[in-house]
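Undergrad: Spelled out, the chains give:
Number of protein chains: 2
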Amino acid sequence: MAVPERGPRIRDLGEFGLIDRIAGLTGRAAGVDTGIGDDTAVLDTGGPRLLLATIDIQVEGRHFLTGRSTPYQIGRRTAAINVSDIGAMGGMPRWALVSLALPPDLAVSWVDEFYRGLNEELGRYGAALVGGNLSGSATIVVDLALLGEAERGRVLLRSGAQPGDVLMVTGTLGRAGAGRFALDAGLDRADPAVAACVTAQLTPAPRALEGIAVAQSGLATAMLDLSDGLAGDLGHICERSGVGVEVDAALLPIDARTRAVADRLGVDPLRLALAGGEDYELLFTAAPSAVEPLRSAVAAVAGVPVTVIGRITLPQSGRQITVDGVAQPMTAAGWDHFRTDGERA
Amino acid sequence: MAVPERGPRIRDLGEFGLIDRIAGLTGRAAGVDTGIGDDTAVLDTGGPRLLLATIDIQVEGRHFLTGRSTPYQIGRRTAAINVSDIGAMGGMPRWALVSLALPPDLAVSWVDEFYRGLNEELGRYGAALVGGNLSGSATIVVDLALLGEAERGRVLLRSGAQPGDVLMVTGTLGRAGAGRFALDAGLDRADPAVAACVTAQLTPAPRALEGIAVAQSGLATAMLDLSDGLAGDLGHICERSGVGVEVDAALLPIDARTRAVADRLGVDPLRLALAGGEDYELLFTAAPSAVEPLRSAVAAVAGVPVTVIGRITLPQSGRQITVDGVAQPMTAAGWDHFRTDGERA
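So the protein sequences, as listed, match chains A and B. When we follow numbering that gives the first Met the number 0, the leftmost residue of the first sequence carries the number 0, and every step to the right adds one. When we follow numbering that gives the first Met the number 0, the leftmost residue of the second sequence carries the number 0, and every step to the right adds one.
For reference, chain A alone in the conformation it holds in the complex (with noise of 0.2 Å):
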């Protein structure tokens, strides 16, 4: 491939700052409500709903390894992280296309196997595929646009964060990073705690719903699903909020699953609650008084369990973590799929 000789690499930048580059250099259309930086778009169309749009490519020996997850995994794989971004903004997963570049000689069956994941994770919420396209590729890339609606008044974004807001996350954390080193490590999959952990990586259970229950609620200051991990997650919030933030280590839920699998690794749970990554949960800011009323709103859909784990505070603040009862300045370790995969957990 031809690459000019000069310049910055784009393993320079970075994937966030490559995001940050691309957004100054896009254009301008009508009916956009909110572009490129938050979980999805938000357009206006004109109707009674709002449209949410959003896309995610995933890449063979990346995002999933055909040895490692079935086709009908990935489908479902493929579907959930996308919902998921949907559910962030309080939205309804509705119409998704998906584009796929395939080796001619795989199986058929692969393809079948996929889409009946694919559809079966769509179909929780209603929503189907309505169009798709197809490509020969040496290896297997899959992209799905995902597009949901969402209530006029009702859209959640990252930049609503107020000081003196409470964080809360939904479900646990750590658990789809420790299904990511225990398949690493070749874990017995037979062990339920190995086996919870792996199926939390492998399909992960997107909060749609319960995303939906927080944006209908009312009283949510700001949402986004964790997909790249706590601490670098909760950055997006502060950047686009202007605030900072306190995390207490302490308050975060990691269950004994995931602390059995780090304990078996020889890995520190809360690295792997904080940068792990792909847990798929939401993370989202309120009033303190609106706590009680949206753990009943999100508890309402499945029993999912929301946690406080720390506050919203002045920008000039910073970010802090309190580990142990020390406070300390708390670093982006999230996914970055251009740097090298050292700093994550």
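Simulated from the structure, these hints should not be mistaken for lab results. This list has only true hints and no planted wrong ones.
Each pair of labels, with its calculated beta carbon distance range:
1. Gly23/A - Ala137/B: 24 to 34 Å
2. Asp267/B - Arg151/A: 53 to 63 Å
3. Arg20/B - Pro287/A: 46 to 56 Å
4. Gln215/B - Pro292/A: 48 to 58 Å
5. Arg27/A - Pro287/B: 37 to 47 Å
6. Gly60/A - Ala326/B: 50 to 60 Å
7. Arg61/A - Ala184/B: 31 to 41 Å
Simulated coverage check for chain B against chain A, where a stretch passes if three residues somewhere in it have a Cβ under 8 Å from a Cβ of chain A:
8. 17 to 27
9. 37 to 46
10. 88 to 97
Anything over 10 Å on all C-beta distances counts as not near chain A; from chain B, calculated:
11. Leu182
12. Ala259
13. Glu291
14. Gly317
15. Gln319
16. Val325
Here the structure is a predicted model, which is why all the values come from computation and not from measurement. For glycine and all other residues, C-beta sits at the position ideal for the given N, C-alpha and C.
Model the placement of chain B on the given structure of chain A, informed by the hints.
TA: For chain B alone, coordinates are given in the frame of chain A:
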């Protein structure tokens, strides 16, 4: 990559066989006026207009070559081929999402130039990028999802052609295919005929505004854009409309420059017009009385000519093409990414 031992491979089905199979595998959702099988999906958000959605993946080495196209050209072309699909439904491009899988050692300037081309082409229609996604990859993969809007009652599908309709095409045929072969053969791009064909190949000019004019007239019965080649794409209209067709090869609009390049290449220009592909002209049908009004409506946009090339027949008449006064069955020698390229031109 783990590939099951038995069962058919993707190459055995081919692209269109796989699309048919996938269409049979997808679920159902509310608000879908038209799903898989047309140029775009047609979705109903309850707004004043209908929403159109399409996606297109391009893989380095298959759809473009970085040594042959500049990143600016790849960006232009990526937008153009999606704009063409929206226009072929009678819609206006509005919002785009792009996924990029890029080698980490790619120059940042490549990304800048790609976006410049993408934004320039989208900007012609007041459309813009509203979201995207990045990944690392060994080779460049570009996937664009484009949303458009069309007036209710003015969307043109592939399925409305009626026996007795005439078949019309915008612009000229075979030029992009001639350009591709000219590039393959290393013909001198300073030659004006070669330059015209190469430009048609690298940065096609989609007929979106012409498509809107055709749809707004209310006179056409079916339309699509020519991406695979006339012979293959015409088959889509016949299948979706349940009709036959007679094409008169002597009527196909093949311009002097395309003929000159074909002559130099030793290629039959008729083969280029039928199966060269990538012309991104509009193919549409209407009653004979509608030809002149449609011609005027299309010419009013930017002067692009409309040519009558045949007529729609009863399904039992099949698909015929008259070459040198002899009617013969027309085969769909359209582009198929999973078969050999030998059948093309």
